[in-house]
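*Asks:* Going down the list, the sequences are from chains A and B. First residue of the first sequence: 70, per my numbering; consecutive thereafter. First residue of the second sequence: 15, per my numbering; consecutive thereafter.
Hints in this document: simulated from the structure, not taken from any laboratory. Hints may contain errors.
Simulated pairs of lysine to any residue, SDA-like, Cα-Cα distance not exceeding 25 Å [what the hints assert, rightly or not]:
#: 1; chain 1: A; residue 1: Lys142; chain 2: A; residue 2: Ile118
#: 2; chain 1: B; residue 1: Lys121; chain 2: A; residue 2: Tyr133
#: 3; chain 1: A; residue 1: Lys169; chain 2: B; residue 2: Cys27
#: 4; chain 1: B; residue 1: Lys55; chain 2: A; residue 2: Ser97
#: 5; chain 1: B; residue 1: Lys34; chain 2: A; residue 2: Thr96
Residue strings, one per chain:
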Amino acid sequence: AQKITQTQPGMFVQEKEAVTLDCTYDTSDPSYGLFWYKQPSSGEMIFLIYQGSYDQQNATEGRYSLNFQKARKSANLVISASQLGDSAMYFCAMRGSGGKLTFGQGTILTVHP
Amino acid sequence: GAVVSQHPSWVICKSGTSVKIECRSLDFQATTMFWYRQFPKQSLMLMATSNEGSKATYEQGVEKDKFLINHASLTLSTLTVTSAHPEDSSFYICSATRTSGSLLRAKNIQYFGAGTRLSVL
Numbered sequence: 070a071q072k073i074t075q076t077q078p079g080m081f082v083q084e085k086e087a088v089t090l091d092c093t094y095d096t097s098d099p100s101y102g103l104f105w106y107k108q109p110s111s112g113e114m115i116f117l118i119y120q121g122s123y124d125q126q127n128a129t130e131g132r133y134s135l136n137f138q139k140a141r142k143s144a145n146l147v148i149s150a151s152q153l154g155d156s157a158m159y160f161c162a163m164r165g166s167g168g169k170l171t172f173g174q175g176t177i178l179t180v181h182p
Numbered sequence: 015g016a017v018v019s020q021h022p023s024w025v026i027c028k029s030g031t032s033v034k035i036e037c038r039s040l041d042f043q044a045t046t047m048f049w050y051r052q053f054p055k056q057s058l059m060l061m062a063t064s065n066e067g068s069k070a071t072y073e074q075g076v077e078k079d080k081f082l083i084n085h086a087s088l089t090l091s092t093l094t095v096t097s098a099h100p101e102d103s104s105f106y107i108c109s110a111t112r113t114s115g116s117l118l119r120a121k122n123i124q125y126f127g128a129g130t131r132l133s134v135l
């Protein structure tokens, strides 16, 4: 069975500063993918970044980077230079061999001006 | 822009009626689509996997006769909530997998629709 854990129900950050959202996972699949999605109050799920289990380098997409530590089974999302529009719910998810996504509980990020 | 379109974005219906929600992949073919349900401030719960040309696979505890899924084409899956009741009120969201990259380093990204807020009176 796969499990994703996000231990931070809520996080606060000052505008223009960096913030790290934590995600740990557990799986017995040798090959898996890790994802981060952003869900603003409108409800849509916006894909942010992807990390494959065999990828040698940490994924980066603009202001988003994924701190992938395979031995620790963690896949933390780092948002640099936070903006007010970054305020949203963030979900970490994992896809295993079955193709389904397993989501964490989510972290509500609030960016203060 | 959006790669998955979901319609309607919100719907209010009377108890006992049926509601159909559409999910379309806009510029790619999706042999598999997924339907999720989400309660306020909670995570997404997978309801079923929709497979083009075959029966959907439902997660444990999801009533297949209550939530009818039809995946009639490579770009369209529909979820019908039959005989809706107030407890079916929720946010329903679909996703489709788009594959990019080479065969060895394929990235199968699930893209989501904007979701449908269902309120049953």
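*Asks:* Measure nothing beyond the straight line between the CA atoms of Lys55 of chain B and Ser97 of chain A; if it is 25 Å or shorter, mark the hint as holding.
*Replies:* 29 Å, violated
*Asks:* Would the pair Lys169 of chain A and Cys27 of chain B pass a check requiring their Cα atoms to be no farther apart than 25 Å?
*Replies:* 31 Å, violated
*Asks:* For the pair supplied as a hint, Lys142 of chain A and Ile118 of chain A, is the alpha-carbon distance within the 25 Å limit?
*Replies:* Holds - the C-alpha atoms of Ile118 of chain A and Lys142 of chain A are around 17 Å apart, at most 25 Å.
*Asks:* Measure nothing beyond the straight line between the CA atoms of Lys34 of chain B and Thr96 of chain A; if it is 25 Å or shorter, mark the hint as holding.
*Replies:* Not satisfied, since the Cα-Cα distance of roughly 35 Å exceeds 25 Å.
*Asks:* Would you check the hint for Lys121 of chain B and Tyr133 of chain A, treating anything up to 25 Å between C-alpha atoms as holding?
*Replies:* With a Cα-Cα distance of about 18 Å, the restraint between Lys121 of chain B and Tyr133 of chain A holds, given a limit of 25 Å.
The structure fails hints 3, 4 and 5 (numbered hints given earlier, in ascending order).
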